[in-house]
Each structure stands twice: as structure tokens, then as C-alpha cells.
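J.: Taken in sequence, the protein lines are chains X and V. Per this note's numbering, the very first residue in the first sequence carries number 12; after that it's consecutive. Per this note's numbering, the very first residue in the second sequence carries number 12; after that it's consecutive.
None of these hints come from the bench; they were simulated from the model. Note that this is a predicted model, so its numbers are computed, not measured. Watch out, some of these pointers could steer you wrong.
If several chains are the same, the list does not tell them apart, and a pair holds so long as it fits within one copy or across any two.
For lysine-lysine, the following DSS-like pairs were computed, each having C-alpha atoms within a straight-line distance of at most 27 Å [claimed, not checked]:
id, residue 1, residue 2
1, Lys311, Lys184
2, Lys173, Lys104
3, Lys318, Lys262
4, Lys311, Lys57
2 protein chains.
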Amino acid sequence: MKLQNDLFLRAITGEVVERPPVWLMRQAGRTLPNYRKIRASVPDFKTLVESPELIVEATVEPVEVLGVDAAIIFSDILVIPEAMGLPYELLEKRGPRFPRTIKTQADVRGLRTGVDAAAQLAHTYESVRLTKQRLQGRVPLIGFAGAPWTIMAYMVEGSGSKTFASAKEMLFKSPELAHQLLDKITQATIAYLKEKIIAGVDVIQLFDSWAGILSPHQYHQFAMPYLKEICDHIQEVPVTVFSKGAWFALKEIGALNCQAIGLDWNTTPQFARAQLGNEKVLQGNLDPCQLFDTLDNIEKATLSMLKEFGTKHIANLGHGVYPETPVEAIHCFVDTVKRFRY
Amino acid sequence: MKLQNDLFLRAITGEVVERPPVWLMRQAGRTLPNYRKIRASVPDFKTLVESPELIVEATVEPVEVLGVDAAIIFSDILVIPEAMGLPYELLEKRGPRFPRTIKTQADVRGLRTGVDAAAQLAHTYESVRLTKQRLQGRVPLIGFAGAPWTIMAYMVEGSGSKTFASAKEMLFKSPELAHQLLDKITQATIAYLKEKIIAGVDVIQLFDSWAGILSPHQYHQFAMPYLKEICDHIQEVPVTVFSKGAWFALKEIGALNCQAIGLDWNTTPQFARAQLGNEKVLQGNLDPCQLFDTLDNIEKATLSMLKEFGTKHIANLGHGVYPETPVEAIHCFVDTVKRFRY
């Protein structure tokens with residue numbers, strides 16, 4: 012089906028466009044009124060992530076309410092560990108927890124990978140298909156996955172953490188075991204993304220949420236090779252890589268076989284361009300806290316961001332929308348971008 | 012009293028020395044056996060911070076057990092808000108909590124500052140005097156304070172936070188109020204540090220622990236002017252500024268009237284030198300997680316760090332020692348530095 016609004020796809024492939032497309036990480040979430048109803052209709056977040064009809068509702072709502080230029084399929088990066096055989100719980104306000112974690116070679120050996128892992132996630136592909144039908148070509152649909160290091164961090168640590176000391180301990184003390192685990196995650200992720208593409212997603216985004224806790228040396232050793240492998244294997248659609256906090260690796264990230272690079276709000280477009288050159292499209296990077304500001308200030312800050320980035324830019328925040336963000340602030344951000352012209 | 016080991020003072024003032032001095036952030040803490048006894052002898056952490064005799068024990072133990080080249084007075088950055096009139100609690104494993112927080116102009120107006128605030132902390136100056144006596148000139152004594160932005164972040168947010176969204180909201184929405192608060196913190200901090208210097212500390216370190224959550228623009232506006240004011244007013248002893256995560260501000264930090272700059276483990280000495288030039292002494296930056304590695308690997312990583320930094324370096328970790336670090340690992344780190352020669 013031909014897209015009615017293909018601005019996002021034109022921009023991410025480097026075409027000259029009239030204005031930057033705009034969407035927000037975590038745009039389908041607690042800030043929107045209908046989402047709260049959807050969330051209240053199920054006992055927990057995981058039930059929501061496994062219910063295709065509800066996923067369609069949550070995914071399409073920001074397109075209809077906010078008028079963003081792309082939808083992103085409502086899901087969770089931790090469906091991959093679960094598909095590999097490591098189930099998790101999501102505790103309200105406390106985040107994810109894995110009752111079992113990965114410690115030994117036997118633990119890694121016991122994990123599913125590749126198409127066997129990907130086959131566990133039929134409900135996600137089904138929700139992609141249903142969402143595409145429901146979108147009726149209005150905007151493109153983004154699919155996402157966690158980057159292998161971030162997924163490994165959760166599988167070894169067992170929960171979120173300020174330091175991810177156990178996961179990093181494995182990198183230091185058992186680098187071969189870490190590489191085996193990272194490789195299995197990578198193969199599962201590639202198979203999963205390929206199924207999502209077959210089901211209809213138009214763009215892939217990889218989230219390396221815990222990039223910033225590794226040293227440049229460790230990031231080079233344990234994160235980059237697997238990001239590269241995924242990018243090299245996903246050639247069907249454009250790919251965005253967002254490694255939060257990995258400013259020190261931007262030069263290497265710029266050499267990946269991908270179309271766009273996400274930036275957090277610490278990283279200026281000037282710094283990024285100096286590291287990356289002018290080829291890649293940049294995505295980001297308004298501080299999500301800025302959306303707690305007055306509407307006047309949000310408009311000014313958004314315009315100033317748009318001017319600093321210039322062309323080859325996809326407007327977004329530098330991280331996911333915070334849950335308590337007023338919906339008028341999000342409207343102001345989106346509308347400011349949509350009124351802007353290069 | 013003449014120092015027996017003045018390596019740290021010679022290094023921080025830029026002298027050519029035979030090897031880098033070494034100490035560890037949070038060296039007096041849970042990793043050491045006697046500290047655990049001291050901690051168990053009081054009902055809570057705050058009682059410890061207010062007991063000069065126990066502070067002496069905790070401060071001197073790492074010098075005697077680990078053989079580090081500097082002591083750092085055992086204290087807490089949050090004594091400043093309390094001295095200004097905003098008391099806090101420290102909950103075991105949950106961190107600090109302020110029952111009252113700063114929200115309005117009246118809240119800021121009600122705070123003590125300058126010498127009035129500093130006068131509340133007589134027990135700290137007493138513990139500096141007692142520690143100096145007990146050290147008998149073996150090594151220099153470091154005194155520290157939180158940087159104004161970090162202190163403000165706690166005073167407004169009321170606790171630790173992943174995002175410090177309330178504190179940042181004040182920067183966005185009420186910049187004048189934020190500047191008034193930052194100024195009061197700054198004046199209290201200067202008076203406090205001057206008293207500590209009179210009591211005998213040989214070096215000052217400023218910790219900007221939450222630097223990394225601000226954008227470059229906000230850091231420039233709300234953090235740098237106050238760091239500058241403190242550095243300009245503390246000329247009696249050398250000053251180290253450690254702004255964790257503020258890689259984007261290193262050029263500006265390098266222009267401060269201070270002798271040394273702390274680096275976290277994300278920041279290579281090559282990057283820092285490119286930003287800062289060669290004048291300042293650099294301090295850091297082994298990943299504290301590296302101390303969970305094997306002793307062989309710790310030695311290799313420490314040596315490789317020492318070579319990368321070259322001269323004008325004070326060996327340290329890139330953050331505080333993690334509580335569960337094995338004491339043999341800390342010994343290995345310290346001893347490796349002490350055997351090294353340029």
C-alpha cells in the first residue's frame with residue numbers, strides 16, 4: 012500500500028525534504044488518555060504486550076491524537092530474552108525482573124536462538140500485521156529491538172541497575188561466555204527483526220539503552236561487533252541505531268551499515284557531525300524534561316534544536332517521553348516541528 | 012607539619028614526579044573490615060558523619076590498610092543542605108531523602124548561607140583537626156563538597172532520581188529562582204570549604220555527581236558559573252573538579268581556576284587532553300567494575316591506564332569504589348600504581 016505520508020521514509024533515506032519528520036520515543040504511553048484506559052483493561056503490562064488487538068490501539072493512538080509522522084509498534088525490548096527461554100516479570104514502578112539469570116555456560120547453552128527464538132513471538136508479528144491494516148498507509152510503522160549488549164545486561168543482572176556490575180563482571184572475567192551469549196542474542200534478534208519486516212514494519216530502530224555504562228574499550232569489544240552484525244543483516248528497510256550515552260563511540264557507530272543515528276540531549280549535532288561526517292541522518296534530541304516547561308519555551312527550544320540540526324534530521328526527544336509529561340506539551344513539540352520549513 | 016609523603020601534593024601542583032600518586036574515591040567505606048565495625052557501632056550513617064572520633068578512624072584506615080597517598084575526610088555532600096536548614100535522612104540501601112524540599116522563593120529565602128550555614132558544621136572542622144593530628148603528616152588530607160548543581164538537584168528533587176525531573180523543571184521554568192538557590196549553595200560551600208582549609212585540609216575536591224543529566228546548554232548556564240565562583244575563591248590549596256558525565260563541558264571545565272580534573276571511565280585521556288590541553292593534572296579513571304576482575308587482569312588494566320595517561324596524572328577510579336569490591340582487588344590496584352615508574 013502506498014504511504015500517504017512518506018516524509019519519514021524520505022528523510023531517513025537521505026532525501027531532501029521540506030521539514031524534518033517528527034515522532035517521539037515512547038509516544039504510545041502513559042501520557043495519552045486512551046492508553047490509560049487500555050492499560051487499565053489488563054492485569055499487567057506483559058498481558059498488554061502479548062495482546063495484538065490492544066497493541067494496535069496503543070500504537071495507532073499517537074498518530075491520531077498527536078499527528079506524528081511515524082508509528083512505532085507497541086512492545087518491549089525484553090520479549091527477546093523471554094523468547095530465548097528466560098522469562099521476566101514487569102513490576103509496576105519497579106521495572107523488569109528476571110527470576111532466573113544467566114551465569115554459566117550451561118545457562119547460555121540452554122537458550123533458544125535464531126528462528127527458534129523468533130518463532131516464540133508470533134503475537135508481535137500478528138500485531139504488526141493488524142496495525143498495518145489499521146494504519147491504512149497513513150504513516151510508516153517502526154519496529155524495534157534492544158541492542159545485544161543492553162539485552163545481555165538485563166539477562167545477567169536480572170533487573171535494571173545503576174551500575175550493571177554483575178553484567179560487566181561477566182565481560183571482564185568471562186569474555187568468551189559473554190561473546191557466546193551476545194552472539195545468541197544477536198542471532199535471535201536478527202531472526203525476530205526479519206519476521207517483523209515480513210509482517211510489515213517499514214523501519215527498524217535498535218535501542219542500546221545501557222551503552223553509556225561501558226568504557227570505550229568495552230563498547231568496542233562487546234557492543235559494536237553485534238550492532239554491526241545486525242545492521243549488516245537488515246538491508247530490507249532503513250535502520251536507526253540509538254546508543255544512549257555512547258558519545259565516545261560515535262565515530263564507530265557512524266561506520267555502521269545503517270541510515271540514521273539517534274542522539275541523546277548531551278550530544279550536540281555539531282559534535283555528532285564532527286564525529287560522523289554528513290552522510291547519516293541524525294535523530295533526536297530535545298531533553299524530555301523540556302516538555303515540563305511552558306509552551307512558549309518548548310516552542311523556542313524546539314525551533315532552536317531544528318536550526319542547530321539543519322537538514323538530514325528526524326525530530327525526536329533525546330530519550331523516551333517521561334510518563335508525567337502534559338499532553339499539551341507534546342502537541343506543542345509536534346506542531347512546532349510540523350510548522351517549520353527548511 | 013612537614014609531610015612525609017608529599018607525592019600527591021607535588022603531582023597535583025604539576026611537578027614532575029616519579030610515579031602517579033594513588034587514592035580511591037570512597038576509599039573509606041564498606042570494603043574495609045574496620046569500617047564495618049565502626050558503622051555497626053552507630054545506629055545510622057548520619058550519626059557516623061557527625062561523630063569526629065569515628066570519622067578519624069574511618070578516614071585514616073585506608074591510609075594504614077591500603078597505603079594510599081592521600082586521605083579524604085569521611086563526610087557526605089549533603090551536610091551543606093542540612094547546614095542551610097534543609098535536613099535529610101539517609102535510608103539504608105535507599106539513599107538520601109529530604110522530608111522538605113525547595114519549591115518557592117520563600118523556601119529559598121528561608122535558607123541559611125555563607126558563614127551562617129558554615130557555622131553549623133563545627134563537627135566536620137573538628138574531625139579535620141583530629142584527623143590531621145592522627146595522620147601525623149603521613150599523607151595529605153583531602154576535603155570535599157558537592158558542586159552547587161548537584162546539591163540543588165537533591166534539595167529540589169528530595170532524593171536520588173534517574174532523571175531529576177523536578178530539579179530540571181525548576182531550571183527550565185524558574186531560572187531566576189534556580190540561580191538564587193545556586194548562589195546560596197555556592198556561598199555556603201565557599202564558607203564551608205574555607206573553614207575546612209583553616210582546620211587543615213590540604214586539597215579540595217568538588218563532586219558534580221549529576222552533571223551528566225544536563226544538556227551542554229544547561230550545564231553552561233546553571234553549573235559552570237558556580238563552579239567558577241568556588242574555584243576563584245579557593246586559592247589557598249589545590250582544587251580538583253570532578254563533573255561526572257560532563258564530557259561535553261570539558262573545554263569549559265579546563266578553563267576553571269583549578270589544578271586537577273577528574274575523569275569518569277567513559278572519557279579517555281586522549282579525548283580529555285584534546286579538550287583541555289596539557290596544563291591541568293588529570294585524575295582517574297579505572298572502571299570500578301574492573302575491581303571485580305581477576306588480580307592479573309586488574310594489574311594489566313591498571314598499567315595500561317597509567318601508560319595511556321602518562322605524566323600529570325593522579326591514579327584513581329572513574330567513580331567511587333563499589334561496596335562489594337574485594338579488598339585484595341583494591342590492594343592490587345594500589346600496589347600496581349606504587350610499583351610503576353615513569
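J.: Hint by hint, note whether the structure agrees.
T.: Checked hints:
| no. | hint | verdict |
| --- | --- | --- |
| 1 | Lys311 to Lys184 | between (49 Å within a copy, 13 Å between copies) |
| 2 | Lys173 to Lys104 | both (16 Å within a copy, 13 Å between copies) |
| 3 | Lys318 to Lys262 | both (23 Å within a copy, 24 Å between copies) |
| 4 | Lys311 to Lys57 | neither (38 Å within a copy, 44 Å between copies) |
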